[in-house]
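If you're matching them up, the sequences are chains S and X in order. Using this note's numbering, read the first sequence as starting at 1 and increasing by one per residue. Using this note's numbering, read the second sequence as starting at 1 and increasing by one per residue.
Bear in mind the hints are in silico, worked out from the structure with no lab data behind them. A virtual CB, placed ideally from N, CA and C, is assigned to each residue, including glycine. Take the hints with a grain of salt, since some may be wrong.
[What the hints assert, rightly or not] Restricting the straight-line Cα-Cα distance to at most 25 Å, the calculated cross-link-like pairs of lysine to any residue (SDA-like) are: (1) 142(S) / 124(X); (2) 142(S) / 115(X); (3) 66(X) / 279(S); (4) 142(S) / 123(X).
[What the hints assert, rightly or not] Using C-beta positions, here's what the derived DEER-type ranges look like: (5) 287(S) / 35(X): 45 to 55 Å; (6) 288(S) / 44(X): 23 to 33 Å; (7) 404(S) / 194(X): 26 to 36 Å; (8) 277(X) / 10(S): 36 to 46 Å; (9) 31(S) / 259(X): 54 to 64 Å; (10) 374(X) / 66(S): 53 to 63 Å; (11) 115(X) / 223(S): 23 to 33 Å; (12) 266(S) / 116(X): 34 to 44 Å; (13) 136(S) / 116(X): 11 to 21 Å; (14) 226(X) / 66(S): 36 to 46 Å.
[Stated by the list, open to error] Listed next, the stretches of chain S that the computed footprint assigns to chain X, with coverage defined by at least 3 CB atoms under 8 Å from CB atoms of chain X: (15) 115–124; (16) 410–423.
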Amino acid sequence: MTQAHLDKFGRPIVVVTGIGIVTSLGQGKDDNWRRLTAGESGIHTITRFPIAGMRTTIAGTVDFLFEGRVPAPDLSEKLATLAAEEAIAEASIGTPGDFPGPLFAAVPPVELEWPERRQIADAVGHYPIVYHDLLAAADSGKFRPWHERFLFGSVADRLADRFGTRGQPISLSTACASGATAIQLGVEAIRRGDTEVALSLGTDGSVHPEALIRFSLLSALTTANDKPAEAARPFAKNRDGFVMAEGAAALVLESYAHAVARGAKILGVLEGCGEMADNFHRTRSNPDGRPIIGCMRNAFADAGITPDDVDYINAHGTSTPENDRMEYVGMKGVFGEEKLARTPISSNKSMIGHTLTAAGAIEAAVSLLTIANGRIPPTINYNIPDPAIPLDVVPNVARDATVRRVISNSFGFGGQNVCLVLAGEPA
Amino acid sequence: MPDTRAARREVWITGIGLVSSLGEGLEAHWEALTNGQAPITDATTFAPYVVHPLVKVSFDSQIPKKGDQRQMEPWQRIGTYAAGLALEAAGIAKNTEILSKTDMIVAAGGGERDFAVDAAILNDLSTSNDPGRMLNERLLSDLRPTLSLAQLSNLLAGNISIVHGVTGSSRTFMGEESAGVEAVRIAHARIASNQSEIGLVGGAYNAEREDTLLLNDLDDFCLKGEFRPVFSKPEPGIAAGSMGAFLVLESPEHAKARGATPIAKLSGVWSERARRQVEGALGDKVRALLATVGADGANAIISCATGARDATTPEAEALAATGRPVRAVSNRLGHGFEAQFIAGLALGALCVSKGALYPALAGDPLETAGAGVSRVVVTSVGHWRGEGAGVVEKI
Chain S
1 MTQAHLDKFG
11 RPIVVVTGIG
21 IVTSLGQGKD
31 DNWRRLTAGE
41 SGIHTITRFP
51 IAGMRTTIAG
61 TVDFLFEGRV
71 PAPDLSEKLA
81 TLAAEEAIAE
91 ASIGTPGDFP
101 GPLFAAVPPV
111 ELEWPERRQI
121 ADAVGHYPIV
131 YHDLLAAADS
141 GKFRPWHERF
151 LFGSVADRLA
161 DRFGTRGQPI
171 SLSTACASGA
181 TAIQLGVEAI
191 RRGDTEVALS
201 LGTDGSVHPE
211 ALIRFSLLSA
221 LTTANDKPAE
231 AARPFAKNRD
241 GFVMAEGAAA
251 LVLESYAHAV
261 ARGAKILGVL
271 EGCGEMADNF
281 HRTRSNPDGR
291 PIIGCMRNAF
301 ADAGITPDDV
311 DYINAHGTST
321 PENDRMEYVG
331 MKGVFGEEKL
341 ARTPISSNKS
351 MIGHTLTAAG
361 AIEAAVSLLT
371 IANGRIPPTI
381 NYNIPDPAIP
391 LDVVPNVARD
401 ATVRRVISNS
411 FGFGGQNVCL
421 VLAGEPA
Chain X
1 MPDTRAARRE
11 VWITGIGLVS
21 SLGEGLEAHW
31 EALTNGQAPI
41 TDATTFAPYV
51 VHPLVKVSFD
61 SQIPKKGDQR
71 QMEPWQRIGT
81 YAAGLALEAA
91 GIAKNTEILS
101 KTDMIVAAGG
111 GERDFAVDAA
121 ILNDLSTSND
131 PGRMLNERLL
141 SDLRPTLSLA
151 QLSNLLAGNI
161 SIVHGVTGSS
171 RTFMGEESAG
181 VEAVRIAHAR
191 IASNQSEIGL
201 VGGAYNAERE
211 DTLLLNDLDD
221 FCLKGEFRPV
231 FSKPEPGIAA
241 GSMGAFLVLE
251 SPEHAKARGA
261 TPIAKLSGVW
271 SERARRQVEG
281 ALGDKVRALL
291 ATVGADGANA
301 IISCATGARD
311 ATTPEAEALA
321 ATGRPVRAVS
331 NRLGHGFEAQ
341 FIAGLALGAL
351 CVSKGALYPA
361 LAGDPLETAG
371 AGVSRVVVTS
381 VGHWRGEGAG
391 VVEKI
């Protein structure tokens with residue numbers, strides 16, 4: 001490894017050599033990129049399960065992979081598999097079933113779902129039941145595979161088997177920042193010299209009735225059900241909640257030296273990662289924006305850059321009144337009013353909804369495509385600007401621009417914030 | 001095999017928070033482990049399942065706001081409590097300056113069901129003509145809004161940030177026993193390689209809940225009837241134990257600068273993943289791990305064996321082959337899944353700090369008498385997947 005392969009702090013430079021994406025807009029990064037830059041929405045009325053009686057009846061579900069309903073971990077696993085296959089194929093690394101590095105998988109928490117719970121209840125043999133009766137029915141051995149399927153480590157474990165990643169995979173959750181945390185763990189492992197290569201991914205296929213209703217009960221979701229494609233309105237004055245969505249993205253991370261040595265095409269650089277936890281409230285950010293500001297500053301410090309070096313912000317931009325306002329406050333604190341006004345920012349969630357566990361990974365992937373293509377995906381549904389948060393959100397139409405460096409924000413329920421700094425191939 | 005490069009710089013354990021069926025704090029555990037008392041079990045509340053219930057604790061002492069306690073399910077309360085004990089033991093509780101730079105990794109499962117609500121909904125669904133609508137309406141009206149937060153895996157860490165002010169960073173690992181191993185492995189690696197100076201790492205498990213008994217009994221993993229030692233033949237199954245276990249890990253430089261006294265050194269953590277469907281693969285991985293960590297040079301092995309079929313016997317055989325005295329965490333505390341490996345490290349650190357091994361459990365075929373202890377290997381073989389090991393040493 002030569003000096004050219006180290007960053008300004010003497011650490012191995014971490015590059016991306018493979019990208020895979022699946023969202024409600026489609027499968028594969030080409031299809032997603034085309035639709036994202038065309039300003040298309042993947043949000044639609046839910047058909048997977050009955051929606052009668054629900055407050056929110058729309059989502060960005062991925063419906064083209066299975067006929068009808070499957071348990072959430074099955075869908076999360078499938079989404080991750082497709083994204084990882086695409087990323088590994090692009091990176092052209094290892095051999096099928098033998099990926100030469102560890103797996104960092106942002107996966108949604110799982111538990112038995114209602115269809116399974118009902119089958120177990122039916123097996124009790126009588127109604128009414130009490131919860132304890134379910135245990136005897138479980139003990140019958142009729143439902144053995146569900147134990148493994150609904151373990152928290154199950155999705156990552158099967159991915160590890162399929163792709164032959166090295167060692168024990170790490171399953172992680174930092175709520176809406178999970179995908180970014182998976183990338184951060186890969187970056188850190190490569191910088192430590194623990195590995196030359198890592199597979200980092202985020203996946204979420206968990207739009208099911210109870211998941212949707214839980215977010216409804218937190219008043220976090222939009223109820224603009226009539227026009228699904230117009231429901232996610234990040235940074236607009238009439239934003240009123242996020243749209244739950246599904247998807248996955250995978251990145252093959254690699255030390256620059258390793259990638260150069262094997263002649264890999266380099267798709268971008270993971271220059272820095274920052275995190276800072278918020279201890280203000282379980283669902284709300286500290287009103288002074290301190291943790292968001294600190295998180296972005298930590299990412300800049302880790303990358304060894306200043307806000308002036310940033311050409312574009314890939315926003316967390318959930319479309320909740322609270323998040324978008326706090327993200328503005330945080331960005332203003334970091335960039336200053338003038339620089340912020342000059343810096344384009346857009347939210348992919350306006351088109352694909354909030355893919356929760358996957359969002360940080362999908363948005364990092366889209367950030368890299370933004371750099372590579374010199375084109376910024378728009379924030380759609382931006383028809384009524386919010387004068388309280390004046391931003392250049394790249395409204396409604398994609399924009400050509402030279403983008404050398406992006407900061408991608410992810411802020412999670414539970415106060416877990418992660419920001420990534422991504423750049424193009426080293427000169 | 002992922003290597004934590006233990007040689008880069010040392011990692012010290014400067015605080016431990018441990019609460020279980022045996023009590024709270026290291027001294028209470030040492031007393032309970034050495035006074036000859038039988039394991040604390042409850043075979044009636046959840047009969048036929050046997051669990052180790054949490055000792056009665058005053059949550060107010062670590063979670064002073066009732067409002068915070070109400071926002072948590074028991075596993076979060078246990079974990080937030082144990083985290084507070086660890087921060088206090090390390091002497092950094094309420095030290096905003098240090099806590100704002102403390103890196104946290106929590107090994108977590110998920111929140112628990114509202115058992116009455118679930119049963120009532122299932123009963124009503126069984127007679128409904130429109131079960132889809134009914135489920136939606138009932139969930140909207142019957143689920144507590146705070147339940148979703150209490151259920152999220154990452155909200156144990158979130159609660160620790162809120163209650164104790166740990167804000168340097170916050171990560172949550174999932175994946176049953178492996179989550180605990182990986183949490184400590186990454187926290188250790190980050191400090192050893194100068195990516196972090198001080199970290200809080202831990203996990204919590206509430207054994208006294210029927211939804212996890214249900215999940216594990218789906219594939220017949222639970223110990224039923226009466227308690228049996230973990231290395232009994234045939235394998236006894238899992239006797240879950242309520243526990244919270246947290247460690248404060250620190251670089252020697254950081255600890256010395258603030259005048260902290262280490263409890264023990266965490267010399268390294270290693271993890272593996274056997275392809276268990278292959279005959280003999282698990283035993284091979286455990287033997288390889290024991291060789292990697294230098295089990296021959298240890299005075300004792302503390303095993304996080306679960307009692308699960310297929311997993312426990314290959315581990316027991318590998319441990320027996322080392323000739324080292326063995327203690328199983330689950331023989332005393334029960335099995336705490338995500339928290340188990342961290343509890344094992346806590347007991348290992350306790351033993352090296354005392355310079356002694358606590359007595360063997362009567363009736364366990366593998367636990368034998370031990371002598372002076374300055375180096376302990378802690379092993380973890382998950383009930384379903386994931387192998388790991390760590391080493392704690394006297395400083």
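Hints versus structure:
1. 142(S) / 124(X): 23 Å, holds
2. 142(S) / 115(X): It holds: about 22 Å lies between the C-alpha atoms, which stays within 25 Å.
3. 66(X) / 279(S): Holds, because 17 Å separates the two Cα atoms, which is no more than 25 Å.
4. 142(S) / 123(X): 21 Å, holds
5. 287(S) / 35(X): 45 to 55 Å: 52 Å, holds
6. 288(S) / 44(X): 23 to 33 Å: 52 Å, violated
7. 404(S) / 194(X): 26 to 36 Å: 29 Å, holds
8. 277(X) / 10(S): 36 to 46 Å: 43 Å, holds
9. 31(S) / 259(X): 54 to 64 Å: At 59 Å between Cβs, range holds.
10. 374(X) / 66(S): 53 to 63 Å: With a Cβ separation near 56 Å, residue 374(X) and residue 66(S) satisfy 53 to 63 Å, so the hint holds.
11. 115(X) / 223(S): 23 to 33 Å: For residue 223(S) against residue 115(X), whose Cβ atoms are near 30 Å apart, the range 23 to 33 Å holds.
12. 266(S) / 116(X): 34 to 44 Å: At 56 Å between Cβs, range violated.
13. 136(S) / 116(X): 11 to 21 Å: 18 Å, holds
14. 226(X) / 66(S): 36 to 46 Å: Holds: the Cβ-Cβ distance is about 45 Å, inside 36 to 46 Å.
15. 115–124: holds (count 5)
16. 410–423: n = 5 at 8 Å, threshold three: holds.
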